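S.K.: Chain by chain, the residues run as shown.
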Amino acid sequence: GESVGLHLPTLSVQEGDNSIINCAYSNSASDYFIWYKQESGKGPQFIIDIRSNMDKRQGQRVTVLLNKTVKHLSLQIAATQPGDSAVYFCAEEDQAGTALIFGKGTTLSVSS
Amino acid sequence: KAGVTQTPRYLIKTRGQQVTLSCSPISGHRSVSWYQQTPGQGLQFLFEYFSETQRNKGNFPGRFSGRQFSNSRSEMNVSTLELGDSALYLCASSAKPGLPNTEAFFGQGTRLTVV
Numbered sequence: 001g002e003s004v005g006l007h008l009p010t011l012s013v014q015e016g017d018n019s020i021i022n023c024a025y026s027n028s029a030s031d032y033f034i035w036y037k038q039e040s041g042k043g044p045q046f047i048i049d050i051r052s053n054m055d056k057r058q059g060q061r062v063t064v065l066l067n068k069t070v071k072h073l074s075l076q077i078a079a080t081q082p083g084d085s086a087v088y089f090c091a092e093e094d095q096a097g098t099a100l101i102f103g104k105g106t107t108l109s110v111s112s
Numbered sequence: 001k002a003g004v005t006q007t008p009r010y011l012i013k014t015r016g017q018q019v020t021l022s023c024s025p026i027s028g029h030r031s032v033s034w035y036q037q038t039p040g041q042g043l044q045f046l047f048e049y050f051s052e053t054q055r056n057k058g059n060f061p062g063r064f065s066g067r068q069f070s071n072s073r074s075e076m077n078v079s080t081l082e083l084g085d086s087a088l089y090l091c092a093s094s095a096k097p098g099l100p101n102t103e104a105f106f107g108q109g110t111r112l113t114v115v
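Residue numbers (the numbering used here), protein chains in the order written: chain A, 1 to 112; chain B, 1 to 115.
Each hint should be verified, as a subset may be incorrect.
Said to hold, decoys possible - Okay, derived cross-link-like pairs now, DSS-like style, lysine-lysine, Cα gap no bigger than 25 Å in a straight line:
| no. | chain 1 | residue 1 | chain 2 | residue 2 |
| --- | --- | --- | --- | --- |
| 1 | B | Lys57 | A | Lys42 |
| 2 | A | Lys42 | B | Lys13 |
| 3 | B | Lys57 | B | Lys96 |
| 4 | A | Lys104 | A | Lys71 |
| 5 | A | Lys68 | A | Lys104 |
| 6 | A | Lys71 | A | Lys56 |
| 7 | A | Lys56 | A | Lys104 |
| 8 | A | Lys56 | A | Lys68 |
| 9 | B | Lys57 | A | Lys104 |
| 10 | B | Lys96 | A | Lys42 |
| 11 | A | Lys42 | A | Lys104 |
Please keep in mind that the hints were generated in silico from the structure rather than gathered at the bench. Treat the numbers as computed from the prediction; the structure is a model and nothing was measured.
Put together the whole structure using the sequences plus the hints.
M.R.: Below you can see the structure in the form of structure tokens.
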């Protein structure tokens, strides 16, 4: 079945470091991928998305990389800040193209 | 502009009871999606409504239902509650249905505990 997974449930970094959060997906037909950030007590917040016709997309301090060959998605956060501490989810488009399938999430902890 | 409002924030129910959760989308948004979030299963899509019509439904039993009103507010109902229904129920609103949903905004969720 369709599933999106993450390599590591937790990631701890020092403030100022670059963070890389990885995600493996299983549906090779997925056309759309998205990263969300969820802070404690809040709903998920959109970070960045990417279509399957792209390999890389950059936002403000964030970059998403898509490797369709190995069905791998990653989120890079530059100069990580304490405010980046949260759970990060990757998600892919379902087969119907109308809903998202989420991975289980990686908890990023940033220490000063 | 007010965000997505979900009520109540917290709820405790007994097994076998039913529950209704409410979601008021951002003003002007006509699409509402519901998700269930649990530690074990993560975020799972429940259903999506647009202009009072259910457009898509996730893989949940018929005990889970929803509806949308003409003012775009949405409710979801869970009947015959089971312990496994304990979860954070999240609502997301957007102007348009489907994907991409870069403009989808989530509410803070309703934390349902079934005892």
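S.K.: Any hints from earlier that this structure breaks? Give me their numbers in increasing order, please.
M.R.: Violated hints: none at all, because every hint is consistent with the structure.
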